[in-house]
Amino acid sequence: MIGQDYIGDRVREDIYPQGDEANRKIRRRRRAGKAWRWLFIVATVSAIVILSVLLIKILNDTVGLVAQESVLPERELLLAFDESQVLAAPNILLESEDDPAIASAIADEPNSLGFIPWSAYLTQQDRLNLVSIEGQLPGAEAAGTGDYPLDRPLYIYASTSELQKKPHVAAFLAYYLQHLDEVVPDAGYFMVDAEQLAEQSAQIAEGLGLEELPAINPADFEGVINITGSSTVFPITQAMADRFIADGFRGTINVDPTGTTAGFQKFCIDNDRSIDIVNASREVLPTEFSACQANNRRLSEAVVAQDALSVVVNKVNTFVTDVSREQLEALFTTAEQWSEVDGNWPGETISRFIPSADSGTMDFFVEELFQRESLEDLEYDDLVSIYTANISKGRCRAVEREQRFYDDVLICEDPEKFAEVCASDSPPTGCTLPPREEPGLIQLIEADVIKPKVLASWNGIESVLRRDEILAEAAQKYPNAEVFFKSWLSWQFITSPQSSYPEIAGIRTAILGTLWVVGIAILISFPLGVAAAVYLEEYADKRSRFNQIIQTNINNLAGVPSIIYGLLGLAVFVRALEPITSGYIFGAVESGATANGRTILSAGLTLGLLGLPVIIISAQEAIRAVPPSLRQASFGLGATKWETVRHHVLPNAIAGILTGVILSTSRIIGETAPLVVVGASTFITTDPTGPFSKFTTLPSQIYQWTARPQDTFRDIAAATIVVLITMLLLLNATAIYFRNRWSKRLG
Amino acid sequence: MSSEVLAEQGLATPVDQGTDIAESLKKRTRIGEKLIEISLFTAGVVSILTTIGIVYVLFRDALDFFLLPEVTLTEFLTSTTWLPQTGNFGIWPLLTSTLIISAIAMLFGVPMGFFTAVYLSEYASPRFRAFLKPVLEILAGIPTVVLGYFALTFVTPLLRGVLGPETVQIYNMASAGLVVGILTVPLIASLSEDALHAVPDSLRQASYGLGATRMETSLKVVAPAALSGISAAIVVAASRAIGETMIVALAAGAGPKFTLNPFNAAESMTGYMVRISGGDLSYGSIDYQSIFAVGMVVFLLTLLLNIVSQRIVRRFREVYE
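Residue numbers (this note's numbering), protein chains in the order written: chain L, 895 to 1641; chain F, 4 to 324.
Keep in mind that the hints were calculated from the coordinates and are not lab data. One or more hints might be untrue.
Stated by the list, open to error - DSS-like cross-link-like pairs, simulated, lysine-lysine; straight-line CA separation at most 30 Å:
hint	chain 1	residue 1	chain 2	residue 2
1	L	Lys928	F	Lys223
2	L	Lys919	F	Lys37
3	L	Lys1287	L	Lys1371
4	L	Lys1345	L	Lys951
5	F	Lys37	L	Lys1535
6	L	Lys1311	L	Lys1347
7	L	Lys951	F	Lys223
8	L	Lys1287	L	Lys1347
9	F	Lys136	F	Lys223
10	F	Lys223	L	Lys1436
11	L	Lys928	F	Lys37
12	L	Lys1371	L	Lys1160
13	L	Lys1347	L	Lys1380
14	L	Lys1371	L	Lys1059
Said to hold, decoys possible - Some chain F residues close to chain L (C-beta under 8 Å, calculated; not the full set):
hint	residue
15	Glu40
16	Ile141
17	Val149
18	Phe153
19	Phe157
20	Thr170
21	His200
22	Val202
23	Pro203
24	Ser205
25	Glu219
26	Thr248
27	Met276
28	Ile315
29	Val316
This one's a predicted model, so the numbers in the text were calculated from it and none came from an experiment. Ideal placement from N, C-alpha and C gives every residue a C-beta, glycine not left out.
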C-alpha cells in the first residue's frame, strides 16, 4: 500500500531524499494523527465507562447496611403474641416469678402442669414428674448435647483486653472456668461438656495473651471485682466468689443480680468501666455487642453452665410422659382437659402454673415453643388479632371502612353502624372492595404497629469495605437500632403495594399499572401503525402531494418531545373525552363519585399515539424490504392487492414489524413525562382493576421517589430502576432473538 | 390476427359476441378491496389527526393564555421574570435555562459522539464495532428518568466534590446539561456513523494514495463529505436536548430563575410543565393555560430544528454516483 515507506518516524532516505524540513513535517503529521487517534479512543471508551458507572451506581444503591429502629420490633411483637397465647390459656392458677413457689404449687395439685428451671425442680424432685419433649428428657445426660429443646446455656462475659491491666479480675476469670465442676451442680445446674470447656479456656487464654490458663492461687491477688447481670446465673457466680475469697483472695467481690439486659446496658452501652464481668442467661444481642465494640470493649463469651427448663406435672400424673411440640402447644394454650390433647388421657381439667409475663424464662419458653420467625408464619386470624390489639379503636374503624378484614363479620364496629355508612351518599371503599389478604395485612401491621424507620443506610460498596467502621458508628449514633445488610430489591418489594413508608413500600401497584398502560398502548398503536404503513407503502401513490405530506408528517411526529404528547393527552383524552376515559358512559363510575379522566385508558391512548410514528416507520422499512418479485409473482397469479399484502408481503415483513413494535414498546415503557402530565397518581395503594382505574407506573414511581430528599427513598428508587432495566433488557433480548430467528427464515 | 378470430376468442373490442367474456375481464371494482383500502387510508390519516390535534390543542390554550388580562405577548417575550403570583409571565428564565442546558449538552455530546463515530467508522476493528454498537444501543435505551436519577445522585455530588459545594448548588444546570449530553451521545454517534459509512471508500483510498494519515483522511476528507449527515445529527440531538424533560426535572431545579451561571438552579421549560401538571391542577386556571403556552414554545423550537435538519440533509447531501 502506498505510504508504507513512511511507516516509522524515519523516512527512508534512499528512496525519498527530501531533507530535514520535509521529514520534520511528516513526523509532525504522524504525531498529530496519533494524538487524534487517542482522542477518538478516549471518547469511545468513555461511552463504555459511563454506562458501566451508571449500572454499578444503581446496583450499589440497591443494597447495603441499614440502621433500622422500630417502634415495636417484629420479634417483640411476635413474642408478645406468643405470650398472650400462653397467658390466655384456661385455668391458670398461679403466675409468679418465684420458681420454687411454682414448683411446690405444682407438687400440691394433682392435675397441675407448668415449666420451671432445673434448680427449682430439684427442690420438689420427689413430688414432681418430668415430661419429655419428643423423647428428650431434661437432665444431666441431655445437658450439653442440644437434643432437649428447652436447654439453655448460661453465660458470663468479660472484656479480655482490659483484663491485662486488671490481673485480679483475670485471675478470678481463670479460676471461675477451672472450678465450675465444684460449683455448678450444687447450684442446681448442669455442667457444660469438657471439650467445649477446654476450647473456651483456650480462647480466653488467648484473649488474655497467655498460652493456657494457669493455675491460680487466689492469695496472690487483691482488688475489687464488680459483677452484675442475670439473677439465674447469680447463684453460680456468688458461690464461685465465695470460694475465691475462701481460698485466700485479699479483695472484695460484689455480685449484683440486676438482670441480663440491665447488665449489658451498663457494661456495653453506658460503658461503665467499674463493671468487670456480666452474668447472662442469654446470648449478647447484636446491638449490645456493637456498642461494646464502639467503646473498645471486646467481649469474650464463656458458657459456664446449662439449665434445662423442665415441663413438670404432679407425681400422681403418670399418663403425661412424653409430648410432641404440637401437644405441648395445645397443653399450654387451648386445651381445657387432658383428653383434648390425647384421647387416652383422662377428661380432667388442667390446672396451670406459669411464670409471669415479665419473666425472661417465659420469653425463652414461648420463643422455643412456637418458633416463629416472622409475621408470615402466622395465620390470617392471628394477624388480625395482633393488629387490632395494637391500634386505637378509631384507627381500627377507619381501616376497616377502607377495606374490611372479613367478608361476613366486622371487627371494629357495629354492623348496623357500618350498614348505615354504606347506605349514605358517598360510601367508603370498604363497602364494595373485597376483604384484605395476608400480604396487605402484614404491610398494614408494619405500617401502623411495627413502624420500622431506617435511620441511616449505606451503599453496597462501603458496606463491604468499611463494615467495621459503619457498625461502630451506628452503635454510637443509633444505639437502639438494629444494623443489618439489606437488599432493597426483594420479592417482598416486588409484591407489596405502595406505602408512604419507604421501608415497607413495594412496586406491585406500579408494575401492574405499567403492564396495563403499555398493553393498551400497543393494542392501539400496533394495528393502526401497521395499517398506516401498509397504506403508505402498498397503496399510496408516492408522487401524490397528499401522501408526501403524510410521510413528512410522520417523520416530524417522531421527533416531537414526549411531553407534548402528554399535553395532547391531557387536553383531549383526560379533559375533552372525560366521559369515555373515566368510564362514565360505561357505567364504571359509582354514582356520586366524580368522574375523573386521569385513568389508565387516557394514559394508554396517549402512549399509543407516542409510539405510533416509530411503529409506522419501522413497519414501512420492513415492508419496503420485501422484494418486489414476490409481489409481482403474486399479481401474476391473479391475486388482488389485499390478498398479496395479506398472504405474501406481511408474513415476510413480520420480523421487521415485530422489531419495530418491540422498539416502540421499549421506548414507552420508560416514559415518564407524558404520564405525569396526564395524571399518574402520586399515591395509590389499590391495584388497578381495569382501564378506568387510577394508575401509577414504574417510571413514575422512580421519578417521585428520586425527587424526595431522604436517602431511603433513593434506595427504593434504585431498586425500582433495577426492575425497570431488567424488563427492558428482557424485551430487547426477545427482539434480538426473534429478529435472528425470522431473518433466518427469509434466508 | 384478424379481428374476426379475436372477436371469437373474446379478446377484441367487445362487439355483439363475447360481450360477457369481455365484461368478465374488465377491471372489476371489488368492494372488499375498496373497503380495505379506505380503512388503511384512515389509519394513515390518524397521524395527520395527531399533528392537527397537537397544534390545535397547543394553540387554543396558549391563545386563551395570551388573551388573559394579566398576560401580554410582549411581556411574555421580553420579561425575565416568571412569577405567576405577582402576574409576571416572562418566558426568558425558562427559555434561558433550557438553552443553557442544551448548550452544555451539545458541548459535551457533540465532540464525544462525533469522535466515537469517527473511531467506529474509520479506526475500529469489526470485533470492537460489534462490541460497541450494542453498548451504544443500551445507552440509548436507558429511560431518561434513570439518567435523571444518575444526574442527581452521582454527577451533582461529583461536581460539588470537584468544584466545591459553594460554587455548585444541589440543583444545578451543569449536571443536568452533562447528563443530557450523555443522552445525545448515542444519537449523534449512530447518525454520524451512518453518514460517515455512506461515504464511498474510493474517497478514502484516494486520500491515502496522496499520502494522508488516517486522521487527515477522516477529518479532512471523509467527515466533510458526510457533513450533511453529521450536521443533521447535531441538529436532531439539539432538538432532543431541548425537549428533554425528566433529567432536567430531577436535577436542574424547581423554580424559574433567570441566571447565566450554570452551577445555579434554574427550571427549564419542560421542567416547569412537569412540575405544574404534577400538582393540583384545575382546568382553565391560569397555571393550566400557562403550561400550554410554554409547551407551544417548546414545540415550535423542536419543530423548527427538525425541519432544519431535514433541509440540511436534502440540500447539502452529496450524492455519489
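If you check each hint against the structure, which ones fail? 2, 3, 6, 7, 10, 11, 20, 21, 22, 23, 24, 28 and 29
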